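Visitor: First residue of the sequence shown? That's 3 in my numbering, and the numbers climb one at a time after it.
Honestly, the hints are just simulated from the structure, not real lab data. Predicted model, so just to flag it, every value in this text is computed and none were measured. Note that CB positions come from ideal geometry on N, CA and C, so glycine has one too. Incorrect hints may appear among the rest.
No farther apart than 25 angstroms at their CA atoms in a straight line, the calculated lysine to aspartate or glutamate pairs in the DMTMM-like style are these [what the hints assert, rightly or not]:
no.	residue 1	residue 2
1	48	8
2	86	65
3	86	73
4	86	119
5	48	19
6	48	119
7	86	96
8	48	73
9	86	19
10	48	65
11	86	8
12	86	100
13	48	79
14	48	4
15	48	12
FRET-style restraints, in silico, Cβ to Cβ [as the list claims (entries may be wrong)]:
no.	residue 1	residue 2	range
16	40	82	18 to 28 angstroms
17	68	114	29 to 39 angstroms
18	87	8	38 to 48 angstroms
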Amino acid sequence: MDARRELVIERVLRCVEQVPPGRVASYGAIAAVCGIGPRQVGSIMKAYGHDVTWWRITNASGDLPANLLAEARPLWDAEGIRVKPNGLGCRYADFAADPDALAQSWRTAVADLPHPDAVAEDASA
């Protein structure tokens with residue numbers, strides 16, 4: 003994997019870690035903070051998100067993929083995130099992390115990292 007891709011992954015995972023307990027952020031909210039697309043966030047979370055607070059990242063409706071919801075439920079219960087009556091996730095409007103606070107916290111968390119545009123892509127990748 004090239005250094006630029008590794009850096010983007012690290013920046014996304016650090017953003018995920020900034021979502022406070024009891025709050026969620028959508029793939030799109032994380033993408034907006036990190037300057038990438040929501041599908042990229044989803045791909046990164048699927049491949050590398052198991053060691054971060056993955057249960058706090060939902061789609062724009064507050065839903066989780068069905069295969070993750072059962073595993074997330076006890077974690078949500080512990081953090082006070084209530085499941086919607088349809089059982090698919092939480093009400094995003096009620097539990098969304100503040101986007102400005104998330105962005106500010108993320109900027110601090112990645113201050114030691116270079117911007118991905120400052121890292122050359124590996125031509126052999």
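Visitor: Decide, hint by hint, whether the structure agrees.
Guide: These are the hints, each one checked on the structure:
no., hint, result
1, 48 <-> 8, "15 angstroms, holds"
2, 86 <-> 65, "9 angstroms, holds"
3, 86 <-> 73, "16 angstroms, holds"
4, 86 <-> 119, "40 angstroms, violated"
5, 48 <-> 19, "15 angstroms, holds"
6, 48 <-> 119, "24 angstroms, holds"
7, 86 <-> 96, "10 angstroms, holds"
8, 48 <-> 73, "15 angstroms, holds"
9, 86 <-> 19, "24 angstroms, holds"
10, 48 <-> 65, "15 angstroms, holds"
11, 86 <-> 8, "36 angstroms, violated"
12, 86 <-> 100, "20 angstroms, holds"
13, 48 <-> 79, "22 angstroms, holds"
14, 48 <-> 4, "19 angstroms, holds"
15, 48 <-> 12, "14 angstroms, holds"
16, 40 <-> 82: 18 to 28 angstroms, "26 angstroms, holds"
17, 68 <-> 114: 29 to 39 angstroms, "37 angstroms, holds"
18, 87 <-> 8: 38 to 48 angstroms, "41 angstroms, holds"
Taken one by one, the earlier hints fail for this structure at numbers 4, 11, listed in ascending order.
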